[in-house]
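Asks: Here is what each chain is made of, one letter per residue.
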Amino acid sequence: MTPMLQVSDMDVWFGPPHARVTAVKGATFSVAPGESFGLVGESGSGKSTILRAVVGLIPGWSGRIAVEGKPVAGIGRDRAFLKTVQMVFQDPYASLHPRHSVDRVLSETLALQGLGDVDRRITRLLEDVGLGRGFRFRFPHQLSGGQRQRVAIARALAAEPRLLLLDEPTSALDVSVQAEILNLLKDLRAEHQLTYVMVSHDLAVVAHMCDRLSVMQAGRIVEIMDAATLRAGAPREDYSRALIAASTWRRA
Amino acid sequence: MTDLSTRPASTRDWLLSDAPSTRRQARLGALYQGWLTFRANTLAMVGLVILIGLVLMAIFAPWLSPYDPVAQNLGDRLMPPSGAHWLGTDALGRDILSRIIWGSRVTLFIVGTVALISPILGLLIGTVAGFAGGWVDQVLMRITDIFLAFPKLILALALVAALGPGIFNAVLALAITGWPPYARLSRAETLAVRHADYIAAARLQGAGPARLLVGHVWPMCVSSLIVRVALDMAGIILSAAGLGFLGLGAQPPLAEWGAMISDGRTYILDHWWVAAMPGLAIFIVSLAFNLLGDGLRDVLDPKGAKE
Numbered sequence: 002m003t004p005m006l007q008v009s010d011m012d013v014w015f016g017p018p019h020a021r022v023t024a025v026k027g028a029t030f031s032v033a034p035g036e037s038f039g040l041v042g043e044s045g046s047g048k049s050t051i052l053r054a055v056v057g058l059i060p061g062w063s064g065r066i067a068v069e070g071k072p073v074a075g076i077g078r079d080r081a082f083l084k085t086v087q088m089v090f091q092d093p094y095a096s097l098h099p100r101h102s103v104d105r106v107l108s109e110t111l112a113l114q115g116l117g118d119v120d121r122r123i124t125r126l127l128e129d130v131g132l133g134r135g136f137r138f139r140f141p142h143q144l145s146g147g148q149r150q151r152v153a154i155a156r157a158l159a160a161e162p163r164l165l166l167l168d169e170p171t172s173a174l175d176v177s178v179q180a181e182i183l184n185l186l187k188d189l190r191a192e193h194q195l196t197y198v199m200v201s202h203d204l205a206v207v208a209h210m211c212d213r214l215s216v217m218q219a220g221r222i223v224e225i226m227d228a229a230t231l232r233a234g235a236p237r238e239d240y241s242r243a244l245i246a247a248s249t250w251r252r253a
Numbered sequence: 005m006t007d008l009s010t011r012p013a014s015t016r017d018w019l020l021s022d023a024p025s026t027r028r029q030a031r032l033g034a035l036y037q038g039w040l041t042f043r044a045n046t047l048a049m050v051g052l053v054i055l056i057g058l059v060l061m062a063i064f065a066p067w068l069s070p071y072d073p074v075a076q077n078l079g080d081r082l083m084p085p086s087g088a089h090w091l092g093t094d095a096l097g098r099d100i101l102s103r104i105i106w107g108s109r110v111t112l113f114i115v116g117t118v119a120l121i122s123p124i125l126g127l128l129i130g131t132v133a134g135f136a137g138g139w140v141d142q143v144l145m146r147i148t149d150i151f152l153a154f155p156k157l158i159l160a161l162a163l164v165a166a167l168g169p170g171i172f173n174a175v176l177a178l179a180i181t182g183w184p185p186y187a188r189l190s191r192a193e194t195l196a197v198r199h200a201d202y203i204a205a206a207r208l209q210g211a212g213p214a215r216l217l218v219g220h221v222w223p224m225c226v227s228s229l230i231v232r233v234a235l236d237m238a239g240i241i242l243s244a245a246g247l248g249f250l251g252l253g254a255q256p257p258l259a260e261w262g263a264m265i266s267d268g269r270t271y272i273l274d275h276w277w278v279a280a281m282p283g284l285a286i287f288i289v290s291l292a293f294n295l296l297g298d299g300l301r302d303v304l305d306p307k308g309a310k311e
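Protein chains in written order, with my numbering: chain A, 2 to 253; chain B, 5 to 311.
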């Protein structure tokens with residue numbers, strides 16, 4: 002079966018040649034259709050950078066990225082790619098335009114994706130993410146953090162993508178709201194047969210959401226394991242064990 | 005909140021509703037919120053009232069002015085303020101009050117046109133430079149630097165000297181010399197939002213550079229530009245008056261406040277009112293624009309409150 006997302010031997014770097022910082026080194030992983038794949042690691046380990054490079058927000062990368070077997074190049078992404086792959090950003094306070102209402106965000110997205118029947122679709126999207134139609138004409142400053150993230154998820158779902166990249170979708174939210182958003186994402190995945198690639202530094206979140214995960218350290222993928230191994234606390238590499246130990250200690 | 009019916013109790017509630025049900029209600033509601041913030045600022049309201057007065061004065065000049073602004077009466081020249089001539093008469097016996105009233109049209113025309121052309125030019129150049137980056141940015145910003153290197157009034161003088169004196173050329177010169185600060189400002193704002201996640205998100209939906217610039221970057225620049233323009237209005241009036249004073253703006257017998265001060269200069273010691281009255285008018289209007297600008301900053305500044 003063709004993997005939904007295949008990343009091989011990917012390097013990602015920032016800055017000009019003489020002051021280059023390589024954030025990701027030789028990343029290789031593949032995500033099967035319908036799977037939920039986690040990327041975990043401490044801050045600065047390059048997890049989010051991988052997602053941003055996949056959708057073409059970072060110009061400096063090498064290696065191979067293929068979505069449903071179709072390779073992409075540079076930072077250009079064609080219409081078919083954007084219909085297949087969408088992304089939810091970490092901070093819903095930064096990912097919604099402060100002067101655009103929910104209605105404007107969603108209708109512009111639908112127009113850009115070439116979808117008609119805007120009114121019905123917007124109502125459907127808002128219901129899908131658990132917001133009523135009363136939210137349609139609000140501005141971001143009239144929404145809570147959780148509501149904003151729901152709008153951001155609705156925007157990502159507007160084009161009916163098959164692969165959703167989630168960049169720490171709950172880390173900017175209150176703990177009480179985090180669970181709501183995670184459950185929403187879980188339900189949406191079941192409902193729309195979505196494939197997830199989810200970045201998180203919270204192992205509990207990943208254990209709850211993902212089938213498989215890769216542990217990253219300083220730009221390299223240290224280990225790829227399945228969720229059962231994580232829950233059993235029996236990974237192969239020392240670093241993974243240390244990460245799990247650190248996270249369980251924090252919770253205790 | 006005891007009223008549980010869905011119909012709002014009053015227009016005010018409808019405007020302040022947290023859950024607007026139509027696009028129009030959302031937009032009007034946002035405007036009304038802004039108005040409430042603005043209204044709380046007493047000084048800004050004073051500025052607004054003065055400016056509304058100025059606009060009414062310009063519109064109704066033919067009915068408000070007691071005399072013909074260009075009619076000379078050499079028998080009544082240099083009369084001090086009195087019942088017949090409230091603000092006195094100038095060297096040619098023209099009623100100063102009438103000339104100030106008619107002059108408000110010229111002032112509004114100059115200020116309005118310059119305040120429309122410069123910021124739009126600056127917004128275009130600044131946002132394109134900031135958004136495109138690379139050599140486009142370099143070229144546009146070096147051009148801006150060249151314009152900024154000259155004192156504004158000197159450059160305007162050179163332009164008017166080349167184009168010939170007159171009110172249209174004065175406007176043109178002020179507009180052409182006025183845009184660089186706006187370009188700098190909007191470039192700075194653009195650089196601040198260029199890498200924002202909401203721009204990235206729109207890009208991921210397939211938005212092209214033109215749409216990102218107009219629909220996403222411009223709205224973030226416009227509010228700080230409006231505030232800056234309102235605060236610059238006073239400067240524009242003074243520059244226009246300066247050009248008029250030097251004889252390069254409005255030409256006689258057209259009543260223009262700067263030119264009127266220039267005319268009164270000769271008699272300033274014995275007949276102070278000839279120069280002081282138009283000077284006072286410029287002072288009041290400049291002050292009003294500054295007060296208005298301050299109030300607008302409270303309402304529009306995206307970095308204030310809102311969160």
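To be clear, the hints were calculated from the coordinates, so they are not data collected in a lab.
Any given hint might turn out to be false.
[What the hints assert, rightly or not] Just so you have them, the derived chain B footprint on chain A, three or more residues with Cβ under 8 Å:
{"no.": "1", "stretch": "58-64"}
{"no.": "2", "stretch": "83-89"}
{"no.": "3", "stretch": "101-112"}
{"no.": "4", "stretch": "147-161"}
[Stated by the list, open to error] Now the in silico label distances, taken between C-beta atoms and shown as ranges:
{"no.": "5", "chain 1": "A", "residue 1": "Gly133", "chain 2": "B", "residue 2": "Leu60", "range": "23 to 29 Å"}
{"no.": "6", "chain 1": "B", "residue 1": "Gly138", "chain 2": "A", "residue 2": "Ser63", "range": "34 to 40 Å"}
{"no.": "7", "chain 1": "A", "residue 1": "His209", "chain 2": "B", "residue 2": "His199", "range": "30 to 36 Å"}
{"no.": "8", "chain 1": "B", "residue 1": "Trp39", "chain 2": "A", "residue 2": "Glu192", "range": "40 to 46 Å"}
{"no.": "9", "chain 1": "B", "residue 1": "Asp149", "chain 2": "A", "residue 2": "Arg221", "range": "42 to 48 Å"}
{"no.": "10", "chain 1": "A", "residue 1": "Asn184", "chain 2": "B", "residue 2": "Ser25", "range": "24 to 30 Å"}
{"no.": "11", "chain 1": "B", "residue 1": "Gly239", "chain 2": "A", "residue 2": "Asp10", "range": "34 to 40 Å"}
The C-beta atom is built at its ideal place from N, Cα and C for all residues, glycine as well.
Asks: Taking the numbered hints from earlier one at a time, note which ones the structure violates and give those numbers from smallest to largest.
Replies: Numbers 1, 5, 6, 11, in rising order.
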